[in-house]
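S.K.: Now for the letters of each chain:
There are 2 protein chains.
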Amino acid sequence: MQLQKLGERKITKQITKRFSIPYDDCALFEINGEYLLITTDMVYKKTHFPKEATFYQMGWYSIAINISDIASKGGEPIAYIVAFGLPRKMEIKNLEEILDGMEDCIDEYGGKLIGGDTKEANEITIVVTALGKVEKENFIPRKGARINDYIYVTGTLGKGGASLLDKNMEKLLLIKPRLKEGRKLARIGINCCMDLSDGLASSLYQLMDINQVGFKIYANKLPIDKDAKKYKNWLNLALYYGGDYELLFTTPKEIKGIKKIGKVIERKEVIIVKNGKEIKMENKGYEHFIS
Amino acid sequence: MQLQKLGERKITKQITKRFSIPYDDCALFEINGEYLLITTDMVYKKTHFPKEATFYQMGWYSIAINISDIASKGGEPIAYIVAFGLPRKMEIKNLEEILDGMEDCIDEYGGKLIGGDTKEANEITIVVTALGKVEKENFIPRKGARINDYIYVTGTLGKGGASLLDKNMEKLLLIKPRLKEGRKLARIGINCCMDLSDGLASSLYQLMDINQVGFKIYANKLPIDKDAKKYKNWLNLALYYGGDYELLFTTPKEIKGIKKIGKVIERKEVIIVKNGKEIKMENKGYEHFIS
Chain A
1 MQLQKLGERK
11 ITKQITKRFS
21 IPYDDCALFE
31 INGEYLLITT
41 DMVYKKTHFP
51 KEATFYQMGW
61 YSIAINISDI
71 ASKGGEPIAY
81 IVAFGLPRKM
91 EIKNLEEILD
101 GMEDCIDEYG
111 GKLIGGDTKE
121 ANEITIVVTA
131 LGKVEKENFI
141 PRKGARINDY
151 IYVTGTLGKG
161 GASLLDKNME
171 KLLLIKPRLK
181 EGRKLARIGI
191 NCCMDLSDGL
201 ASSLYQLMDI
211 NQVGFKIYAN
221 KLPIDKDAKK
231 YKNWLNLALY
241 YGGDYELLFT
251 TPKEIKGIKK
261 IGKVIERKEV
271 IIVKNGKEIK
281 MENKGYEHFI
291 S
Chain B
1 MQLQKLGERK
11 ITKQITKRFS
21 IPYDDCALFE
31 INGEYLLITT
41 DMVYKKTHFP
51 KEATFYQMGW
61 YSIAINISDI
71 ASKGGEPIAY
81 IVAFGLPRKM
91 EIKNLEEILD
101 GMEDCIDEYG
111 GKLIGGDTKE
121 ANEITIVVTA
131 LGKVEKENFI
141 PRKGARINDY
151 IYVTGTLGKG
161 GASLLDKNME
171 KLLLIKPRLK
181 EGRKLARIGI
191 NCCMDLSDGL
201 ASSLYQLMDI
211 NQVGFKIYAN
221 KLPIDKDAKK
231 YKNWLNLALY
241 YGGDYELLFT
251 TPKEIKGIKK
261 IGKVIERKEV
271 IIVKNGKEIK
281 MENKGYEHFI
291 S
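Those protein sequence lines, which keep their order, are chains A and B.
Reminder that position 242 of the first sequence reads as 242 in the working numbering, one-by-one numbering, no gaps.
Reminder that position 80 of the second sequence reads as 80 in the working numbering, one-by-one numbering, no gaps.
To be clear, the hints were calculated from the coordinates, so they are not data collected in a lab.
Keep in mind that this is a model prediction, so the values were computed, not measured.
A hint or two may mislead.
[Unchecked claim] Taking lysine-lysine pairs in the DSS-like style, the calculated list, with each CA pair at most 25 Å apart, reads: (1) B/Lys51 to B/Lys119; (2) B/Lys259 to B/Lys171; (3) B/Lys51 to B/Lys180; (4) B/Lys133 to A/Lys10; (5) A/Lys5 to B/Lys46; (6) B/Lys232 to A/Lys13; (7) A/Lys119 to B/Lys171; (8) A/Lys176 to B/Lys167; (9) B/Lys136 to A/Lys133; (10) A/Lys17 to B/Lys46; (11) A/Lys133 to B/Lys51; (12) A/Lys167 to A/Lys13; (13) A/Lys46 to B/Lys5; (14) B/Lys10 to A/Lys89; (15) B/Lys10 to A/Lys284; (16) B/Lys45 to A/Lys10; (17) A/Lys119 to B/Lys5; (18) B/Lys260 to B/Lys171; (19) B/Lys5 to A/Lys89; (20) B/Lys133 to A/Lys5; (21) A/Lys143 to B/Lys112; (22) B/Lys119 to A/Lys119; (23) B/Lys133 to A/Lys112; (24) A/Lys45 to B/Lys5; (25) B/Lys13 to A/Lys89; (26) B/Lys93 to B/Lys119; (27) A/Lys119 to B/Lys136; (28) B/Lys46 to A/Lys89; (29) B/Lys46 to A/Lys119; (30) B/Lys112 to A/Lys17; (31) B/Lys260 to A/Lys45; (32) A/Lys89 to A/Lys119; (33) B/Lys259 to A/Lys133; (34) A/Lys180 to A/Lys256; (35) B/Lys259 to B/Lys277; (36) A/Lys143 to A/Lys216.
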């Protein structure tokens with residue numbers, strides 16, 4: 001059987017199961033009473049970036065998506081290691097531009113580039129591994145949602161989808177990970193959190209699986225991005241497109257300034273309420289190997 | 001200017017200089033009085049492995065080369081994160097074989113696979129990031145060689161080159177990183193160490209650059225691998241081929257059971273003494289982008 005028969009999430013599930021790895025945004029291990037967070041993301045120029053993307057934007061993006069994972073666990077970044085796969089005919093100035101983007105993103109959000117590896121490859125490949133830390137009591141897992149928790153989402157939804165359609169590379173790639181928000185939520189104490197890189201629907205289904213609960217979302221409460229609203233299918237952009245690097249979390253607490261979009265329910269289903277009607281949300285989003 | 005005009009080591013030097021990263025086998029940072037070691041290696045099926053290599057061997061190799069880096073700093077592995085880039089038409093059982101190789105290597109040398117990323121790619125790409133630890137006082141840097149130190153090398157030389165020519169994939173890829181030896185050397189206290197993955201000549205030139213000293217090597221003292229000896233150009237295999245995952249180190253101490261191959265000298269040159277004649281060693285070895 002080929003990998004395309006399974007798709008990215010089933011493959012990942014198989015690997016994590018085999019090695020008894022908790023399925024979360026970051027790996028973690030305890031070191032002197034704190035958690036060290038580790039996360040890695042591989043991006044290929046060919047499959048991850050529209051052709052309009054600049055090298056600077058690719059560099060920024062490859063760092064920022066890792067910071068988003070750390071943010072979703074309530075942590076802060078400490079250090080980055082980068083493995084580059086680069087074609088031999090690549091211009092050195094383009095590598096410099098990638099490094100410019102990385103450096104600016106690191107300057108903005110903290111941490112330090114401390115090492116890496118550079119190899120020859122047919123297509124530009126960037127693998128950033130980020131290390132972060134979080135006090136043990138402040139760590140926010142994916143597993144922890146409770147029935148009747150409110151569901152919240154930071155920022156707006158549909159940004160990723162709209163930017164892709166608009167070919168707005170700055171908005172698509174110069175993402176602003178919710179680091180400050182994650183730290184604040186960690187201190188407040190919330191039940192579960194993940195970042196929205198896979199899209200709202202897919203993320204809720206992943207949380208359903210991990211938490212063995214369901215979710216009811218109200219369409220009229222979703223904070224839709226203004227560029228997404230221009231599209232007739234704005235709801236699809238908000239639900240089924242990835243690339244919104246926002247935080248999705250649940251807590252019974254009232255939290256000001258962050259949009260409440262629904263509730264955790266007992267029945268293991270992901271429901272969207274639209275015009276007073278309850279519809280089952282589809283379990284789809286961007287997924288490697290099959291999308 | 002294109003990357004191929006520079007070559008792997010000059011590119012790496014440019015990046016490490018820009019971010020003020022010490023050029024060593026592992027990155028490190030202090031955490032509660034210990035050093036956390038981090039190292040990453042990217043391998044491509046297409047460019048790193050002969051076509052005879054099995055998936056199992058690739059899995060083992062991709063973990064083992066990272067352990068070798070940790071061993072060369074006197075540390076021990078704690079955890080691994082793996083980013084996979086995999087073609088959609090790849091057979092699942094081949095991925096399982098890669099994981100078998102990784103698991104067996106981890107079982108042998110310690111640590112735990114704690115996370116990763118899986119993405120679609122045109123060619124099989126494996127990026128392992130390994131974390132290790134070492135007591136601060138036991139860390140062995142690349143920079144630290146002193147004039148008149150002895151130069152030592154563990155195991156034998158020319159194994160990598162001979163295995164490649166013999167198409168002996170087991171010997172080439174199921175490498176045994178010198179973890180125990182590295183830990184022992186760390187406790188004894190030695191001046192500088194690196195692993196020999198780039199080959200003896202290239203490694204000595206890298207150490208010359210970092211330490212601002214020279215090296216004199218005696219050809220008749222080199223521990224030549226028995227399979228390398230079958231080749232007329234055995235000395236070339238020992239000096240200029242990579243893939244010998246041994247430890248190269250310097251210390252003024254007498255160390256039993258490990259082969260002494262030369263001496264650190266003041267003049268910044270890498271010399272090989274053969275049949276009583278001193279010859280300058282060439283600065284070459286396997287290098288991405290130009291080899």
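S.K.: With reference to the structure, classify each hint as holding or not holding.
M.R.: Results of checking the hints against the structure:
{"no.": "1", "hint": "B/Lys51 to B/Lys119", "verdict": "23 Å, holds"}
{"no.": "2", "hint": "B/Lys259 to B/Lys171", "verdict": "21 Å, holds"}
{"no.": "3", "hint": "B/Lys51 to B/Lys180", "verdict": "31 Å, violated"}
{"no.": "4", "hint": "B/Lys133 to A/Lys10", "verdict": "33 Å, violated"}
{"no.": "5", "hint": "A/Lys5 to B/Lys46", "verdict": "24 Å, holds"}
{"no.": "6", "hint": "B/Lys232 to A/Lys13", "verdict": "51 Å, violated"}
{"no.": "7", "hint": "A/Lys119 to B/Lys171", "verdict": "23 Å, holds"}
{"no.": "8", "hint": "A/Lys176 to B/Lys167", "verdict": "50 Å, violated"}
{"no.": "9", "hint": "B/Lys136 to A/Lys133", "verdict": "20 Å, holds"}
{"no.": "10", "hint": "A/Lys17 to B/Lys46", "verdict": "29 Å, violated"}
{"no.": "11", "hint": "A/Lys133 to B/Lys51", "verdict": "42 Å, violated"}
{"no.": "12", "hint": "A/Lys167 to A/Lys13", "verdict": "33 Å, violated"}
{"no.": "13", "hint": "A/Lys46 to B/Lys5", "verdict": "24 Å, holds"}
{"no.": "14", "hint": "B/Lys10 to A/Lys89", "verdict": "15 Å, holds"}
{"no.": "15", "hint": "B/Lys10 to A/Lys284", "verdict": "45 Å, violated"}
{"no.": "16", "hint": "B/Lys45 to A/Lys10", "verdict": "23 Å, holds"}
{"no.": "17", "hint": "A/Lys119 to B/Lys5", "verdict": "14 Å, holds"}
{"no.": "18", "hint": "B/Lys260 to B/Lys171", "verdict": "24 Å, holds"}
{"no.": "19", "hint": "B/Lys5 to A/Lys89", "verdict": "9 Å, holds"}
{"no.": "20", "hint": "B/Lys133 to A/Lys5", "verdict": "40 Å, violated"}
{"no.": "21", "hint": "A/Lys143 to B/Lys112", "verdict": "21 Å, holds"}
{"no.": "22", "hint": "B/Lys119 to A/Lys119", "verdict": "18 Å, holds"}
{"no.": "23", "hint": "B/Lys133 to A/Lys112", "verdict": "19 Å, holds"}
{"no.": "24", "hint": "A/Lys45 to B/Lys5", "verdict": "22 Å, holds"}
{"no.": "25", "hint": "B/Lys13 to A/Lys89", "verdict": "19 Å, holds"}
{"no.": "26", "hint": "B/Lys93 to B/Lys119", "verdict": "17 Å, holds"}
{"no.": "27", "hint": "A/Lys119 to B/Lys136", "verdict": "30 Å, violated"}
{"no.": "28", "hint": "B/Lys46 to A/Lys89", "verdict": "17 Å, holds"}
{"no.": "29", "hint": "B/Lys46 to A/Lys119", "verdict": "12 Å, holds"}
{"no.": "30", "hint": "B/Lys112 to A/Lys17", "verdict": "14 Å, holds"}
{"no.": "31", "hint": "B/Lys260 to A/Lys45", "verdict": "47 Å, violated"}
{"no.": "32", "hint": "A/Lys89 to A/Lys119", "verdict": "13 Å, holds"}
{"no.": "33", "hint": "B/Lys259 to A/Lys133", "verdict": "42 Å, violated"}
{"no.": "34", "hint": "A/Lys180 to A/Lys256", "verdict": "15 Å, holds"}
{"no.": "35", "hint": "B/Lys259 to B/Lys277", "verdict": "21 Å, holds"}
{"no.": "36", "hint": "A/Lys143 to A/Lys216", "verdict": "18 Å, holds"}
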